[in-house]
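Asks: With chain A's structure known, arrange chain B on it following the hints.
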Amino acid sequence: MNADDSSKDLVVGTDGEKYPARFADPGLPEHRDRLADRDPAAAKRAERQVAVLFGLSALGTIGFLLAYFLVPPGQSVSSIRLSNLLLGLSLSLGMLGVGLGAVHWAKTLMSDHERVEERHPQRSIDADRAGAIAALKAVAADSGVGVGRRGLLKGALIGAIGLLPLSIAVPLIGNVGGDWDTNKFRHTIWRAGRRLARDPSGTAIKATDVTIGSVFHVIPEGLEAEAHPLEEKAKAVVLLIRLDPRDLNEAPEKKSWSYYGIVAYSKICTHVGCPVALYEQQTHHLLCPCHQSTFDVSNGAKVVFGPARRPLPQLPIAVDAEGYLVAQSDFHEPIGPSYWERLK
Amino acid sequence: MKALGAHRYHRFAPVALLLLALLAIGSGYAALTGGPAAAAAPTADDIAAGSQLFRANCATCHGPNASGSRNAPALIGVGAAAVDFQVGTGRMPMKASGPQALTKPVQFDQQQIDQLAAYVASLGAGPAVPTVEQVDPTLGNAANGMALFRTNCAMCHNAVGGGGALSQGKFAPALWTTTPTHIFEAMLTGPQSMPVFNNANLSAAEKRDVIAYLVAQREGSPGGTDLGSIGPVSEGLWVWVVGLGLLIGAAVWLGAKSS
Numbered sequence: 001m002n003a004d005d006s007s008k009d010l011v012v013g014t015d016g017e018k019y020p021a022r023f024a025d026p027g028l029p030e031h032r033d034r035l036a037d038r039d040p041a042a043a044k045r046a047e048r049q050v051a052v053l054f055g056l057s058a059l060g061t062i063g064f065l066l067a068y069f070l071v072p073p074g075q076s077v078s079s080i081r082l083s084n085l086l087l088g089l090s091l092s093l094g095m096l097g098v099g100l101g102a103v104h105w106a107k108t109l110m111s112d113h114e115r116v117e118e119r120h121p122q123r124s125i126d127a128d129r130a131g132a133i134a135a136l137k138a139v140a141a142d143s144g145v146g147v148g149r150r151g152l153l154k155g156a157l158i159g160a161i162g163l164l165p166l167s168i169a170v171p172l173i174g175n176v177g178g179d180w181d182t183n184k185f186r187h188t189i190w191r192a193g194r195r196l197a198r199d200p201s202g203t204a205i206k207a208t209d210v211t212i213g214s215v216f217h218v219i220p221e222g223l224e225a226e227a228h229p230l231e232e233k234a235k236a237v238v239l240l241i242r243l244d245p246r247d248l249n250e251a252p253e254k255k256s257w258s259y260y261g262i263v264a265y266s267k268i269c270t271h272v273g274c275p276v277a278l279y280e281q282q283t284h285h286l287l288c289p290c291h292q293s294t295f296d297v298s299n300g301a302k303v304v305f306g307p308a309r310r311p312l313p314q315l316p317i318a319v320d321a322e323g324y325l326v327a328q329s330d331f332h333e334p335i336g337p338s339y340w341e342r343l344k
Numbered sequence: 001m002k003a004l005g006a007h008r009y010h011r012f013a014p015v016a017l018l019l020l021a022l023l024a025i026g027s028g029y030a031a032l033t034g035g036p037a038a039a040a041a042p043t044a045d046d047i048a049a050g051s052q053l054f055r056a057n058c059a060t061c062h063g064p065n066a067s068g069s070r071n072a073p074a075l076i077g078v079g080a081a082a083v084d085f086q087v088g089t090g091r092m093p094m095k096a097s098g099p100q101a102l103t104k105p106v107q108f109d110q111q112q113i114d115q116l117a118a119y120v121a122s123l124g125a126g127p128a129v130p131t132v133e134q135v136d137p138t139l140g141n142a143a144n145g146m147a148l149f150r151t152n153c154a155m156c157h158n159a160v161g162g163g164g165a166l167s168q169g170k171f172a173p174a175l176w177t178t179t180p181t182h183i184f185e186a187m188l189t190g191p192q193s194m195p196v197f198n199n200a201n202l203s204a205a206e207k208r209d210v211i212a213y214l215v216a217q218r219e220g221s222p223g224g225t226d227l228g229s230i231g232p233v234s235e236g237l238w239v240w241v242v243g244l245g246l247l248i249g250a251a252v253w254l255g256a257k258s259s
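As given, the protein sequences belong to chains A and B, one line each in that order. Counted from 1, the first sequence has number 109 at position 109 by the numbering used here; the numbering is strictly sequential. Counted from 1, the second sequence has number 200 at position 200 by the numbering used here; the numbering is strictly sequential.
Since the hints were made in silico from the structure, they are not lab data. Check before you lean on any hint, since a few could be wrong.
Derived pair list, reagent style DSBU-like, types lysine-lysine, alpha-carbon separation capped at 30 Å [claimed, not checked]: (1) A:Lys-302 / B:Lys-170; (2) A:Lys-235 / A:Lys-184; (3) B:Lys-257 / A:Lys-44; (4) A:Lys-302 / A:Lys-255; (5) B:Lys-257 / A:Lys-107.
Facing chain B, from chain A, some residues (calculated, C-beta under 7 Å) [stated by the list, open to error]: (6) Val-77; (7) Ser-78; (8) Ile-80; (9) Arg-81; (10) Asn-84; (11) Lys-107; (12) Leu-166; (13) Phe-216; (14) His-217; (15) Tyr-279; (16) Glu-280; (17) Arg-310.
From the three backbone atoms N, C-alpha and C, an ideal C-beta is built for every residue, glycine too.
Here chain A stands alone, though its shape is the one from the complex (with noise of 0.2 Å):
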C-alpha cells in the first residue's frame, strides 16, 4: 500500500474521522480562454462568419421583397402554395440569419469575463423578525380576536367572507347551461310516422332505394323547420343499413324494428358521443373514428371492441303507406353517452 492509493479515501466505514467535517467549496472552474482570444486568426474567422450570417440575412430580406413584388400569390393552388413556399423560407433566412448571427458574435467575440454574484441569507435578521410578531399581537388585542370580544364583529365578518364566493360561483354555474332540463337528453324528435330523409338534402327514403349493402346517412325529414335544427340534428342522426336478412340476427323483441334487412341505429356513439360511421361492409362492423369502438350490426349493434359500453341504440322502423321509410316511434332509451340521471 503506497501513499497514493486514493481507494482509501473512498471506504465506508463507520469510522467518522475518515469523511470531512463538510465538503470543501470546490469554486468555480478556471477562466478558459476561447480560441478566438488565443488565436487572431480564429478571432477574423469567427468575425467573417458572423459577417456571413447578417450577410445571409439580408440576402433573405432581400429574397422576400423580390418574391412579395414578383410571386403574387394569384388564383390557383399551386401559385399561393409556390408565393407561401418562397415567402416563408426567405423569412426565415432573414430571421435566423440576424439571429444565429448575435449569439454566434456573443459567443465567441464579445468580451467573457466571469462574474459571480453571492447569494445572501434568506432569513431576516431577528430584530425585523420579534418587530414583526409584537406588531402583529399588538393588532391583534387591540382588535379584541381571542379575548372573547366583539363577538358579533367576528359572527358578521365570518358570514360576509363566507357568503362572498356566491357572487362568483352562482353565475359560473349558472352560466355552464341556461337550462338544467336533463329529461331533453332522453328524446330526440323521432316519433312515429316521421319519415326518414337523406343527410344533408333532406328527401325522403324509400324502402327500394336501399338496396342490400347500403349505407344511408339519416337525418328525420323536416328537420330544417325545428326551431333548432343543428341541436336535435345531433341527438337525432341516425346510420341506415340493410344487411341481407340472413345475417341479420335479431332479438326476439326487436325483430318488428327493421324492414327487410334494414336496420337503423343511432349515429352517436355510447361512449362518447363521436359520430359512429365507419360501417364495413363486409363484416358488418360499425366504428367510431374516435377511440375505435367497434360494434356489431349484424347482432343489435352491440360492442366488440373499444371503449363503449352500450350497443347503439336502435330506431325502430317501418313503412309508409307511400313506400318512404318511417320512424314507428323515438329510441326506446337515450342516445349517446351515458350520464348521471340516465337510468339504464
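Replies: This is chain B only, laid out in the frame that chain A set:
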C-alpha cells in the same frame, strides 16, 4: 278513319295496346333514368372472349360459372362496373388472400377488361360502367360534392380523400390517384369493405359532384407540404421529433461555451 274504327274492336286490340303502352313506358323510363348507356354495346364475340378470360384467370376462385365459392363471392349480378373497378385498379385477380385486396399493376388491357365486364354483365343485370360525361369532374359542383363527401365518405376516406385505417388490417385507400371512373364505380358497387352508394342514395349527378370535389383536392395544400393530409399522426410526429429536436438543439447550442 273507317278502317281504323273497324279494327278498334279486334279481340287482340287490348293486348296490342297493352304491349305498346308497356314498350312506351319501358323505353321512356330507360331514356329518363339514363340507363347503363355503355359506350358501345358488347358483341357476342366480346362476351365469348370475356368468358375465356374469366375461365383462365378468375374461375379458380369465383367458380367456372361465376357462382362463387367458399373463398370468393358470386359475380352474378355485380355488373360491368364492379369488374371494371376490381380488374381496372389491379385489385383482381387477387395476389394473395389477406385483410383486403390491394391495388397492383393492372394485368389486362382495357379491351380485355371490357370483355371480362361484358361477360360478367351478361350473367345478370348489374350496374354498368359510367359514361365519360357522368364522371367528368369539370361538370360537377365541387361545393355540393364536399357536403356529400363529408357526410358519406369522409369518416373512412379522410376529409380530403387521404385515406384512413379500418379494423384488423383493412383500410380505406387514399383517393389521390384514383380515376374518376373508378371512384364512380366504387360508390356504385361498394367494393370489399365499402358500403354501396347506389344512384337512389347518391344520384349520378351527386356522384359527379363528389368526383369534382376529390379532383379539386389533388392540387394539394396552399400552405406547402401537407405531410400526407392524414391528420395528427404525421403532423404530430413531425412536430415532436423534428420541431422539438431543433428547439432542444438550439437550446444546447445557446448554453454551450464557445471552444
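Asks: Of the hints given before, which are not true for this structure?
Replies: Hints 12 and 17 not satisfied by this model.
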